[in-house]
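Peer 1: Single-letter residue listing:
Number of protein chains: 2
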Amino acid sequence: MILSALITSVGINLGLCLLFFTLYSILRKQPGNITVYAPRLVAEGKAQQGGQFNLESLLPTAGWIRKAWQLSEDEILSVLGLDAVVFMRIFIFSLRVFTFAGVVGIFILLPVNYLGNQLNVDISDFSHFSNKSLDSFSISNVNNGSNWLWIHFCAAYVFTGVVCYLLYYEYEYISSKRVAYFYSSKPQPHQFTILVRGIPIPSGGTCSETVDSFFIENHSSTYLSHSVVRRTSKLQGLIGDTEKLYKRLSHLKLNNHTPQRFRRDGFLGIFGRKVDLVDHYEKKLEDLEDNMRLEQSSSAGKEVPAAFVSFKSRLGAAVALHIQQAVNPTKWVTERAPEPQDVYWPFFSDSFIKRWICVLVVFVACVALTILFLIPVVLVQGLTHLDQLETWFPFLKGILKLTFVSQVITGYLPSLILQMFLSFVPPIMIMFSSMQGYISLSQIEKSACIKVLWFTIWNIFFANVLSGSALYQVNVFLEPKKIPSVLAEAVPAQASFFIAYVVTSGWTSLSSELCRLTPLICSFFKRVFSGKDGDEFEVPSIPYHSGIPTILFFGLLGISYFFLAPLILPFLLVYYCMGYIIYRNQLLNVYALQYETGGKFWPIVHYSTIFSLVLMHIIAIGIFGLKKVPLASSLTIPLPILTLLFNEYCQKRFLPLFKSFPMECLVKKDREDVNDPTMGEFYEKLVTAYRDPGLMSLRYSRSGTEGYNSPLLHAARV
Amino acid sequence: MILSALITSVGINLGLCLLFFTLYSILRKQPGNITVYAPRLVAEGKAQQGGQFNLESLLPTAGWIRKAWQLSEDEILSVLGLDAVVFMRIFIFSLRVFTFAGVVGIFILLPVNYLGNQLNVDISDFSHFSNKSLDSFSISNVNNGSNWLWIHFCAAYVFTGVVCYLLYYEYEYISSKRVAYFYSSKPQPHQFTILVRGIPIPSGGTCSETVDSFFIENHSSTYLSHSVVRRTSKLQGLIGDTEKLYKRLSHLKLNNHTPQRFRRDGFLGIFGRKVDLVDHYEKKLEDLEDNMRLEQSSSAGKEVPAAFVSFKSRLGAAVALHIQQAVNPTKWVTERAPEPQDVYWPFFSDSFIKRWICVLVVFVACVALTILFLIPVVLVQGLTHLDQLETWFPFLKGILKLTFVSQVITGYLPSLILQMFLSFVPPIMIMFSSMQGYISLSQIEKSACIKVLWFTIWNIFFANVLSGSALYQVNVFLEPKKIPSVLAEAVPAQASFFIAYVVTSGWTSLSSELCRLTPLICSFFKRVFSGKDGDEFEVPSIPYHSGIPTILFFGLLGISYFFLAPLILPFLLVYYCMGYIIYRNQLLNVYALQYETGGKFWPIVHYSTIFSLVLMHIIAIGIFGLKKVPLASSLTIPLPILTLLFNEYCQKRFLPLFKSFPMECLVKKDREDVNDPTMGEFYEKLVTAYRDPGLMSLRYSRSGTEGYNSPLLHAARV
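Top to bottom, those sequences are chains B and L. Residues in the first sequence are numbered from 1 upward in steps of one, following my numbering. Residues in the second sequence are numbered from 1 upward in steps of one, following my numbering.
Pulled out of the complex, with its shape left as it was, chain B reads as follows (with noise of 0.2 Å):
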């Protein structure tokens, strides 16, 4: 690519993101679109819903900027909890890292690169400089053998260190956050309760039976209470048809003289005879009452051998956790609770044995997932290479030569199409975790992220930079040894196709997630066709697994690119003040606490930020050997091995509080409870914190169709 093709897409995309931003401040200030902007405000009663339509509103503003550069931690803390905090954090440590970056790439290290001349470039023709190709600003353009390789090197070097610096320095602010949250929580139901699954239910006796009398044996001094997991995926089933037939019923009552009430019968409700939809309603609505009730009386001796077992102090529950249970250990088994609103309840229907082929399955099915990814990914290749394009398809030969058409092919469109194929990642993972068996959303949310973490490193990093037959690629990983040179080799000749991609998707799918166009888009339909004036909106929760994966890919091409090509920094540091601007202002607006985890997504960043350090070494290892210095090949070898030294290290310091809190914590604790005079009350909620939504609904249900009030819908949601 050259230097004007790059310009060309910085345009376009600097453009697109000035109009998204322009877009965003005027539609923001339409009341119609207050639940798509600020659907948490308005579900916490701060910003009312339906205000008038005024001309000043169509006026672009920036107050939405100051007002999210205002906003502190504390706040973000007080209302999203320490995710959200962790989340924004993450942009913080990248903006250090990559400004120590930018300073070092761009005043040193891109001037070395210039005035090289390996790639036989007269540095004093600046006629055509729009013409120079991208890599005389690159490592490829410094000549072989050259005593400047040491300045990279020493580069390496310091940049790692300073880099392993701000992760020591994160790591422990986190650890000292998650402490300080824990002190400063209420009693929480998943404080005091652990899950226990493989319960040995003797013939005869009841799951009840069995967990009450074995841990008043074992457990006599901290034993509260327990629920038994029930089969009830049916019953959900029926819940949300139930549900869903009743929201529509509603609908119809309201708006009761609109022709949509009647409709033929048949399919479609084009054949059949006329039929009133709100009887027929109503009579389909008792039948699966009917079947729930029947569902919900027989469903209660279908009980899962796992309950839920809360204690008196969180010590307790912590010896609980801790201890192995049992002499079997398949037995008894012992687990964290999730928050009570955290539970994932549809796993409880699968037995040891199928969630064990569930998680084979997943791993096949991730595999094939990557493999399958590599089609479009070798395609987009096509793209960047014209020539290619041109023999596969020679009537393209014509439009191929225009200037601007090339330019934005090589430039904007492969970016794209990847973008678009990636989005539908995020939530096949999520499908992909929930099948493992996870008992919390919060954990599947967890293990989906680290699924797109991979899948995106391996399947646009290594697979752009290792284009070729997908054979190849696992042939490299099979012969160790030469992984170096493959990667030094290959690594530097995209450096092109991934400055733009950072321009591309990166600022794109910022601005996108600033003007959240689906939301929109969607609510602007249900109002236009539905006629439904927007009573009906969700809160989202913040994506976590599609968000952190992106900005950790980045910060991966930004720490690997950082001295081979470092005409990437800048754009990545465009990328992250824009994304911790708008994250920002997402967070004070759209998005609401779904669950917490108390920062225990930080671990996935820091083993992500070594990772592209170790592939930053492996590769200077590989340039320095290619570059004919040997020399500074072999010193950078102990630069991997020293960064695992230190992971191992903050492995050892920080993990195990990322686990599980400590008896320090836990006594501390406990001993505030003693003198709480609301633990009482606290106690009893314990008891039925945790009992299946499904079969908490049976209360409300049996008063009849005016029954399916909040409680219901409530405990359907969740």
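Simulated from the structure, these hints should not be mistaken for lab results. Take these hints with a grain of salt, some might be off.
It does not matter which identical chain is used: a pair holds within one copy or between any two.
Stated by the list, open to error - Straight-line Cα separation of at most 30 Å, DSS-like style, residue types lysine-lysine; simulated pairs:
(1) 669 x 247
(2) 354 x 652
(3) 354 x 659
(4) 397 x 659
(5) 481 x 401
(6) 331 x 186
(7) 397 x 46
(8) 600 x 312
(9) 284 x 244
(10) 177 x 331
(11) 354 x 526
(12) 312 x 331
(13) 177 x 668
(14) 669 x 312
(15) 481 x 67
(16) 331 x 659
Given the coordinates of chain B, work out where chain L should sit on it, guided by the hints.
Peer 2: Then chain L, alone, in the frame of chain B:
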């Protein structure tokens, strides 16, 4: 190697074995040897020293075999603990495996191999049977692409199934034994105690106060007491010197009128003026004593930030062990306490960083040892290839032409030389492991056991198989795809060497174990030269770290050669039968209990067997490929995967029990103690159980030279 060379080797070794057996049955009845052949019985007072010599005792008898055979598992358990039972279970397990393998190998696989004619040997030519290469009994002789290979394929599957079943059965059996052993045990100090390291001592405070306040705060209901660890390595050296001097002095006093009493006080007792040794020693002893007292009083202040903390119940100790104590996980690090007599005190003088460096140094040292060991291995390989030896040493040509010489050299010498070099490895590995900072002798021995096992597998199996340059070997493991084919080519070629190795090394090592050659010779020289009459003798403990790796290595040979060269199996069976009897005899008479790990050596056996199976599968994949049956090669690929899944399951099912005892057991045992009237006494003992022997002696030494009686000697010996 040809058949007759093997027969020569078998003949020599059978002869040697018979000789050793006869020698043993005579020597053991000699009154002077009783401390060599039944030291434990003597120490226990069940056998008496210094009986009368009579002629009858010169007749070889086989009564000891009957006695060893009749020994029951319960007897072993009661005298030598669970570890000795596990040690014997290795033989029982191996006997079962190789009885099955032997039947399949000799009656099915061997005829199939022999009937092939890939090696172009006329099978009807029985006249030169003894000149046949051993290769005609191996899979190499089966024709390429022959359907007979499917028999080997089935054998591999069936054999893997049988071994896995036996592994599961044994693991379950030993698990149940472990639990039963725990239930039947009396309260023991190490069950109630943990070791705490990294105690953050505040400035001005003492370690003891810090520990007290922390545990009273966080474990108020279960905390009992603690013993701070002190830096006593210098003191222990002084105690050792004093003890040695005291022994010499008391010996001199006993033999009051010998000419040894007077000696010159200069170099080696040759120069200088003549002195009365008793006076000389007594003066020295006083000096040492003064030093010791000085050291004791000063070192009492030199606290190590570590302490043994005892609790009132097993559960209390388990809670403190399993739950992270402090917010900073590098502080208040808890670890299971070993039995008091099992503590390895010298370790405590090392700081955390020092220990970390030690671990790295040990790792590097192990690698260096492994590489250095290649030198004797390559030399040994030269002996099996006589032609190579002739080119190196042309003057040997004449001698090597003699059939007997060449047969001895190819069949016997290589193994003997290897064996000699190998005998140095276990002590070196013990030294390495003790540098790694383990806190107990049992952990050191277990770690050394694993080190010796890997060393043996690498340096005997792989180095012999992949003989050639060391560089070439490393290369194979950097290209994982090539491993099966490389192994498939190299492993069968070494079949004859390993058959000879089993016969020479295996059988000989058992015979020398039975005769206890080294202690016998030592005791002989002691009696003849120093005139001591065997009053002093040490009761040895079972040498797990050298015994287990040897037995497991022969298992690896048997499993990996099971379908390649079934001729190895009968010799292995003989090895295991002999080993079974001999080790039972030694357990009955020789070894004493030093410490009890409760069967923690078994997981090593399990993993080693799984590794052997997977190695066999990899070789099978390679060999079916080489033999042009690609379908069988592909169909073998699921076999290692299934085996590893089986291993994964076993690890989940049984391993946790070998790490710590579950809640169920702890609570049950604790409840029993509540009604035990002796518990008060036990708690009193518990408080002083983990006092450093170096400091304990303070009490006895003050009373002067006469005070050096059993308590000090005992303490210093531990």
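Peer 1: Does each hint fit the structure? Answer for all of them.
Peer 2: Hints and how they fare:
With identical chains, the CA atoms of residue 669 and residue 247 are never at most 30 Å apart, being 44 Å at best within one copy and 59 Å at best between copies. For a Cα distance limit of 30 Å, the shortest separation of residue 354 from residue 652 across copies, 17 Å, qualifies, whereas the shortest one inside one copy, 34 Å, does not. Taking identical chains as interchangeable, the C-alpha atoms of residue 354 and residue 659 lie at most 30 Å apart whether they share a chain (26 Å) or sit on different chains (28 Å). When the C-alpha separation of residue 397 and residue 659 is checked against a cutoff of 30 Å, the pair qualifies neither within a copy, at 59 Å, nor between copies, at 70 Å.
Proximity of residue 481 and residue 401 under a CA criterion of 30 Å is satisfied in neither setting, with 42 Å inside one chain copy and 46 Å between copies. In the homo-oligomer, the alpha carbons of residue 331 and residue 186 lie at most 30 Å apart only across protomers (27 Å), although the nearest pairing inside one protomer, at 32 Å, exceeds that limit. When the C-alpha separation of residue 397 and residue 46 is checked against a cutoff of 30 Å, the pair qualifies neither within a copy, at 58 Å, nor between copies, at 102 Å. Taking CA atoms no more than 30 Å apart as the test, residue 600 paired with residue 312 passes inside one copy only; the shortest distance there is 25 Å, against 36 Å between copies.
With identical chains, the CA atoms of residue 284 and residue 244 are at most 30 Å apart within one copy only, with a shortest distance of 12 Å there and 98 Å across copies. Taking the shortest Cα distances, residue 177 and residue 331 sit within 30 Å of each other only across copies (19 Å), while inside one copy they are farther apart (36 Å). Taking CA atoms no more than 30 Å apart as the test, residue 354 paired with residue 526 passes in neither setting, with 41 Å inside one copy and 68 Å between copies. With identical chains, the CA atoms of residue 312 and residue 331 are at most 30 Å apart both within one copy (23 Å) and between copies (28 Å).
Proximity of residue 177 and residue 668 under a CA criterion of 30 Å is satisfied intra-copy only: 17 Å inside one chain copy versus 40 Å between copies. For a Cα distance limit of 30 Å, the shortest separation of residue 669 from residue 312 qualifies both inside one copy, at 12 Å, and across copies, at 24 Å. When the C-alpha separation of residue 481 and residue 67 is checked against a cutoff of 30 Å, the pair qualifies neither within a copy, at 53 Å, nor between copies, at 58 Å. Taking the shortest Cα distances, residue 331 and residue 659 sit within 30 Å of each other both inside one copy (22 Å) and across copies (17 Å).
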